[in-house]
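**Q** As you go down the protein sequences, you meet chains A and H in turn.
Under the numbering used here, the first sequence is numbered contiguously, ending at residue 112.
Under the numbering used here, the second sequence is numbered contiguously, ending at residue 222.
Among the hints, erroneous ones may be present.
Each computed SDA-like pair below joins lysine to any residue, with the alpha-carbon atoms no more than 25 Å apart [what the hints assert, rightly or not]:
{"no.": "1", "chain 1": "A", "residue 1": "Lys57", "chain 2": "H", "residue 2": "Lys115"}
{"no.": "2", "chain 1": "H", "residue 1": "Lys214", "chain 2": "A", "residue 2": "Val60"}
{"no.": "3", "chain 1": "H", "residue 1": "Lys164", "chain 2": "H", "residue 2": "Pro119"}
Worth flagging that the hints you see were computed from the coordinates, not collected in a lab.
Since we're looking at a predicted model, the values are computed, not measured.
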Amino acid sequence: DAGITQSPRHKVTETGTPVTLRCHQTENHRYMYWYRQDPGHGLRLIHYSYGVKDTDKGEVSDGYSVSRSKTEDFLLTLESATSSQTSVYFCAIRDRVDGELFFGEGSRLTVL
Amino acid sequence: DAKTTQPPSMDCAEGRAANLPCNHSTISGNEYVYWYRQIHSQGPQYIIHGLKNNETNEMASLIITEDRKSSTLILPHATLRDTAVYYCIVRVAQDDKIIFGKGTRLHILP
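With the rest of the complex left out, here is chain A (with noise of 0.2 Å):
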């Protein structure tokens, strides 16, 4: 299994508060992905990086933002949470150009 580790895996926080979920690999990958997957929608792109400090959005970026200041880690911050926020988080990872997406096991994050 990658070395993927995403934290925390449940959280339930109120509208309005910032929230943090970390995305922690071990691989040295250089290629990292944040998901939103809600019932109806699939997976959903929110942000992405291609290397340190190199990031990018998805198709789903509003409310969203993300840091990566090191290869390791990979940040994403909802700066005030919403309950359409409300959702379960995937991070990927990805090593070479043409190769595959390794995820995690998911967060879940509630917004009441």
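Chain A is fixed; fit chain H onto it per the hints.
**A** Just chain H now, with coordinates in the frame of chain A:
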């Protein structure tokens, strides 16, 4: 936007071959076809990918039509553990932005 079309759901009897179709009629010459699956709320898992030729590994076979406008993922002897959502993705190798569609929910029937 996802570049593929998959049926929302399919059934297959246990022990039979499961054939999952994917339509990618606008695929370009340098785009690969990738397949992933997601077993109930776990993180998705890579299965196989190919460009032009058919591919086989320990999990599945990938059959790509000669015009490359469609492909079929074959699970040769489906088991109950193959019940999952299967995603077909088309992308250029150099494209870092990887978009998933809604996939096909495969039910393996005992």
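**Q** For every hint, state whether the structure bears it out.
**A** Hint check results:
1. A/Lys57 with H/Lys115: holds, 18 Å
2. H/Lys214 with A/Val60: holds, 15 Å
3. H/Lys164 with H/Pro119: Holds, at about 22 Å.
The structure agrees with every numbered hint stated previously.
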